[in-house]
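Protein chains: 2
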Amino acid sequence: MVVFIRALLVVLCIPMLAGAQDLPSWNAGTSRQAIIDFVQKTTSEAGPAYIKPEERIAVFDNDGTLWPEQPYYVQLAFALDRVKLLAPQHPEWKAKEPFKSVLAGDLGAVAKSGPRGVAELVVATHAGMTTTEFETIVSEWFSTAKHPKTGKRFLDMTYLPMRELLDYLRANGFKTYIVSGGGVEFMRPIAQATYGIPPEQVIGSTIETKFAIVDDVPVLRRLPKIDFVNDGPGKPVGINKFIGRRPVFVAGNSDGDYEMLRWTTEGPQHGFAMIVHHTDSVREYQYDRTSAFGKLDKALNEAELRNWLVVDMKADWKNIWSSGN
Amino acid sequence: MVVFIRALLVVLCIPMLAGAQDLPSWNAGTSRQAIIDFVQKTTSEAGPAYIKPEERIAVFDNDGTLWPEQPYYVQLAFALDRVKLLAPQHPEWKAKEPFKSVLAGDLGAVAKSGPRGVAELVVATHAGMTTTEFETIVSEWFSTAKHPKTGKRFLDMTYLPMRELLDYLRANGFKTYIVSGGGVEFMRPIAQATYGIPPEQVIGSTIETKFAIVDDVPVLRRLPKIDFVNDGPGKPVGINKFIGRRPVFVAGNSDGDYEMLRWTTEGPQHGFAMIVHHTDSVREYQYDRTSAFGKLDKALNEAELRNWLVVDMKADWKNIWSSGN
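Chains as they are written, first to last, in numbering that gives the first Met the number 0: chain A, 0 to 324; chain B, 0 to 324.
Source of the hints: derived by calculation from the structure; they are not laboratory data. Keep in mind it's a predicted model, so treat the numbers as computed, not measured. Take the hints with a grain of salt, since some may be wrong.
Note that the list lumps identical chains together, so a pair holds whenever it fits in one copy or between two copies.
[Said to hold, decoys possible] Dumping the calculated BS3-like pairs for lysine-lysine here, alpha-carbon to alpha-carbon at most 27 Å:
(1) K51 - K313
(2) K224 - K317
(3) K209 - K148
(4) K111 - K294
(5) K95 - K313
(6) K51 - K224
(7) K209 - K294
(8) K297 - K51
(9) K99 - K40
(10) K209 - K224
(11) K209 - K297
(12) K151 - K209
(13) K93 - K313
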């Protein structure tokens, strides 16, 4: 009966008082409390900080915020696997960078190929098929792909405290979005099951697609051309393009989120911002200012000035993995 | 009490039997019945055509489908007014096409300037300001702008039967989107009040924007460059980019909707398509195969073959305008 009443309140968008059941994987402390305080004050209809339900837009970075980005982005793991799979059809890759280094397992050399090398990898592994075919390729890859350090499936390595946060916000009438530098069609096939976020609430980088009628069947073909990079200053651009509203809650973890943190907190509603700080070398990874993936420097320097909450993963999170610690 | 129960059913997404109160501005007949039959069969959980609520994506063209596009697009009326307003700051326009013809009121010559001329008009009237400033400009224009023939405000000239259709679909758990060739930031400021469609469910053509921090304030500036044209084959591209799901209901009125009609009806769910046919020269306009705006030729030819409903505005609609006939 309690469950039923709770579900009914959610459906009716009636704010609930936070109880011990909310954010159970967060240790009691200032971080958890700051989140709860924000949600309570913005959902209290009588209060001065009240935000109408339709304006409760919450945006989340993905890599390093909802799941790990070490030792490299999950999508890069996908691209590396695709290169190995497609190599027999591309004998020329044995002599061509960055493919040569990928096949030799030399990720340092891949990283050195820079944005141009990464773009070549993306185009070679993410284009040429229809959108429907790509969705199948991604879904099948995720069903077995595992993290190189933990041996867990990537899908079992989302951060449990962040999933609880997504649930908590939704239970209080917030609409949750992913706003990631990753490819939108790489994340969409798994976002609903993994984060409870439907495809239309996933914003990311895009490849160009072209409509065609092939054998009298309409298809969308993925072209070998980057359309939009949803990272850094591209994130507020993507938010405006796809949502058309200023968010009131934002979670990120790197300087690639800096602009959307400012865009959110300096909007008319003075939104809430949090940074996931990777401080746990034992349970996850410890990195910030000098990391090749998810560098956090400028945003960390300005966090106090701008009143952005810095979440200390080691101290604030009781559990880390959605699959159990 | 009936109203309350009805509202509760809507909130709980429980399908309702269509009654006389649904689609009241539609005359009884095959068009109205075809829509109701589709909604009933796709929302009957026990039936073979059932569509889960999260997959009930309904997309609507705007110009000519939800409001008029004659004697020219509403957004063109906006651009023409902007040219006149800005002319004192641009003395060079007196000698430069298409501005010269706009200022002379010679719309035939403007039309002859072609896509390049139209693009110049758009860039001159829609770019250079921040997104926030543009929203204000658009909202203020709509508060007074009137249709050249009827003298009614454009905002009072949405099609009442289509607004009822939007309501009816939403009451049955469908998520309604605008998918228009018009500019997304031109439609968003009025879509909620006019159609009950929130900004994040408006898909349209986009201009490039750039994030900048000006005097320590983050802004998005609209650049004089077209980013994406959401028309014709661009419509399925836009739908895939923004929604990431295949729609199951589509409404259009011109060949610019042809590709999204096929994309919807030839999807795995065999969606429903309707074409608003402008047959009413007295209450609205009568046009199709040769119109400069909203040409309907190919889609009309193939409608029967593809089982697309052709709505006869004159015969099927009891009322036309949202403000009353």
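Consistency of the hints with the structure:
1. K51 - K313: Classified as neither: same-chain Cα gap 34 Å, cross-chain 41 Å, threshold 27 Å.
2. K224 - K317: Close neither inside one copy (43 Å) nor across copies (49 Å); limit 27 Å.
3. K209 - K148: Cα proximity of K209 and K148: none, with 38 Å in one copy and 39 Å across.
4. K111 - K294: within (16 Å within a copy, 53 Å between copies)
5. K95 - K313: neither (42 Å within a copy, 65 Å between copies)
6. K51 - K224: Neither, since 40 Å and 34 Å both go past 27 Å.
7. K209 - K294: Between copies only: 23 Å across, 35 Å inside.
8. K297 - K51: So K297 and K51 fail the 27 Å test inside a copy (32 Å) and across (45 Å) alike.
9. K99 - K40: For K99 and K40, neither the intra-copy (55 Å) nor the inter-copy (55 Å) Cα distance is at most 27 Å.
10. K209 - K224: Both: 11 Å inside a chain and 20 Å across chains, each within 27 Å.
11. K209 - K297: between (38 Å within a copy, 20 Å between copies)
12. K151 - K209: Result: close neither inside a copy nor across copies, 36 Å intra and 40 Å inter.
13. K93 - K313: neither (43 Å within a copy, 67 Å between copies)
Hints 1, 2, 3, 5, 6, 8, 9, 12, 13 from the list above are not met by this structure, while the remaining hints are.
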